[in-house]
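Participant: Heads up: the sequence lines are chains A and B, in that order.
Residues in the first sequence are numbered consecutively from 0, following numbering that gives the first Met the number 0.
Residues in the second sequence are numbered consecutively from 0, following numbering that gives the first Met the number 0.
Rather than coming from a laboratory, the hints here were simulated on the basis of the structure.
Check before you lean on any hint, since a few could be wrong.
Stated by the list, open to error - Subject to a maximum C-alpha distance of 25 angstroms in a straight line, what follows is the list of computed PhoX-like cross-link-like pairs (lysine-lysine): (1) 53/A to 124/B; (2) 53/A to 94/A; (3) 50/B to 97/A; (4) 97/A to 53/A.
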Amino acid sequence: MTTDIPGWVPVEHRWLGLDRRRLRPAIFVLVVALLLIYGWPALNAIVPWDNPIKAGDVLDLGDGATAVPPVGWQLEDGSLVSDRAGVSPTNDTVKLAKAGAEIQITGAAFDGTAAQFLEQVIRSEDPDANISGAPSTFTTTSGLVGVVRTASGQSGDELIAAFKMSTTEPDAAPALLVEASTVPGSFQQYSTEFQALLRSITPGAGA
Amino acid sequence: MTVTSSPAKSAQLTAIEQSGWGVRFKLFQPHNAAFWVWLGGVGIGAVGMIKYFGAGFDTYRLAVTSGILFFGIYLIPWLYFLRRQNRYTGQPGSLLATGFVWGGFAATFWIALPANAAMLEIWSKLLGPAGAAKWGAGLTAPINEEWGKALGLILLIGLAPVLIRSAYDGFIIGAFIGLGFQVSEDILYAYNNATSTFGENQLSSSLFILGIRGFAGITSHALFSAIFCTGVMWILGRAAGERHVVRGVLACLGAMFLHFAWDDVAGLAFGNAFLTVAMPYLILMPLAIALLLWIRRLASSTERRWIRDLLAPEVEAGVVDPQLLTAVSGLHKDRRHFRKVVHNRHRANLLTESVGDLAHEIAAARGEETPRVAHARHELLRLRGVTP
């Protein structure tokens, strides 16, 4: 004689308070979910980056805008001009990395000046960050005038630069944000490469 | 009027037994491991969601709240539409809500978010950033997201093995899990779009996402999951005569292919600007809808047989006439034909709904004669203008 009271588990089918007869779906889901959640990151951790910037490579910033990245850094996100990938100047990002240092370039739609854009970025990302007092002006070789600020903290040092990608009508042009960061104590080592990249930023023809 | 025919009654009882229709669903099952996995997945997903939106909530408050509001409203017609699909031996709302919540919290923020981030980076390493930008999303989302959602169906089978039997059950539950995923992802997109402009014009940013994602959502996660989960049910073959492994695998691959094609339009268009814009709407949407309708038709055959068997004694007793039975157990064209025969769309809908009530009461009473069954039968006869 068996019981058919809902929720009653016969003693021979109990395991840690659970019904052993109904473990299979739960175990299957748990195993597959954990494989997806932790398996891919584990595989990602053992696959190395192998996409170094070579001499002559030029970053595509969209609408003909370009920048010259430092040779030897890993291009982890973004496109080169030679890729002909159809980059959006207000949407795409570029990420370059080299031992302890990272450069991130982000395009955005913004109406206003480069200084206003930089203020908006700081306000939205981390208003309490240790950003240096006065912003300074930075002019690229192509004549783009941007605004640069630096930040320093326990986690490292950072340079933030904002540009409007037009020399003729900057207010309505797409904005470009360059964030270069390093682990503590190594900013000086990379500052020449950061400045070279900033100087190389060029708007598209006619902008 | 009484129901006496014994072969018909026997068929009715078999249909009730096989379909599980009328069995109540209860989520809280502390002795069932599937309940704890569901709870853990949804709980971790909910915490992940709060952390994700909470990090920039001060800045992006308007984007998050408007996203929730817009897509909450967007959800209403979807729920109405899917409720209409939950016909034949329909599933309880609480079961569908359990699937929806899995899709909205666990499949998105517990599984897809970390899995996608890692897998996209693997593709960047293997294909280079430009190759990954072109192909990465389509080679990632169909694996992590379709599986993540379908795991919800497996858990629900563990929670309600009697209720989830046919391929059509997979179709309906898959659609609800997919809808939960879709709405959650839409809110995420509204937030992400606002962050890409660093908080400028958040309201118009959310409206833009509503326009884009709302329209594209017609053939998005709800559709993919309905097809994928139907395939899973065919592979599992939980109803008599419904084990079709090859068909099931093809359905799953079909859903994954549609998902891949939708995500990698730019790659598939090979740089052609016209194709990039036109392919999703002129090729992929019609293809997805055609596949969905075909799968739904195949998946419903067992349910339609069950509903015919369930009502067989009522047909023999003259309570349900054959044309009405065909409309209730048939396809869209059968219901359209019935409306023409009745010459009154409203009356035709009332009759089919009333038969649905009777079938539901018979199933809930496990084929026994109860006051509610008698009342449902009386109501149907009243609508038909037949004196008992």
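Participant: Going straight from one Cα to the other, do residue 53/A and residue 124/B come out at no more than 25 angstroms?
Facilitator: holds (16 angstroms)
Participant: Is residue 50/B close enough to residue 97/A, meaning Cα to Cα at most 25 angstroms?
Facilitator: violated (29 angstroms)
Participant: Take the C-alpha atoms of residue 97/A and residue 53/A, compute the straight-line distance between them, and say whether it is at most 25 angstroms.
Facilitator: holds (14 angstroms)
Participant: Straight-line Cα separation of residue 53/A and residue 94/A no greater than 25 angstroms?
Facilitator: holds (15 angstroms)
Violated hints amount to a single one, hint 3; each of the other numbered hints is respected by the structure.
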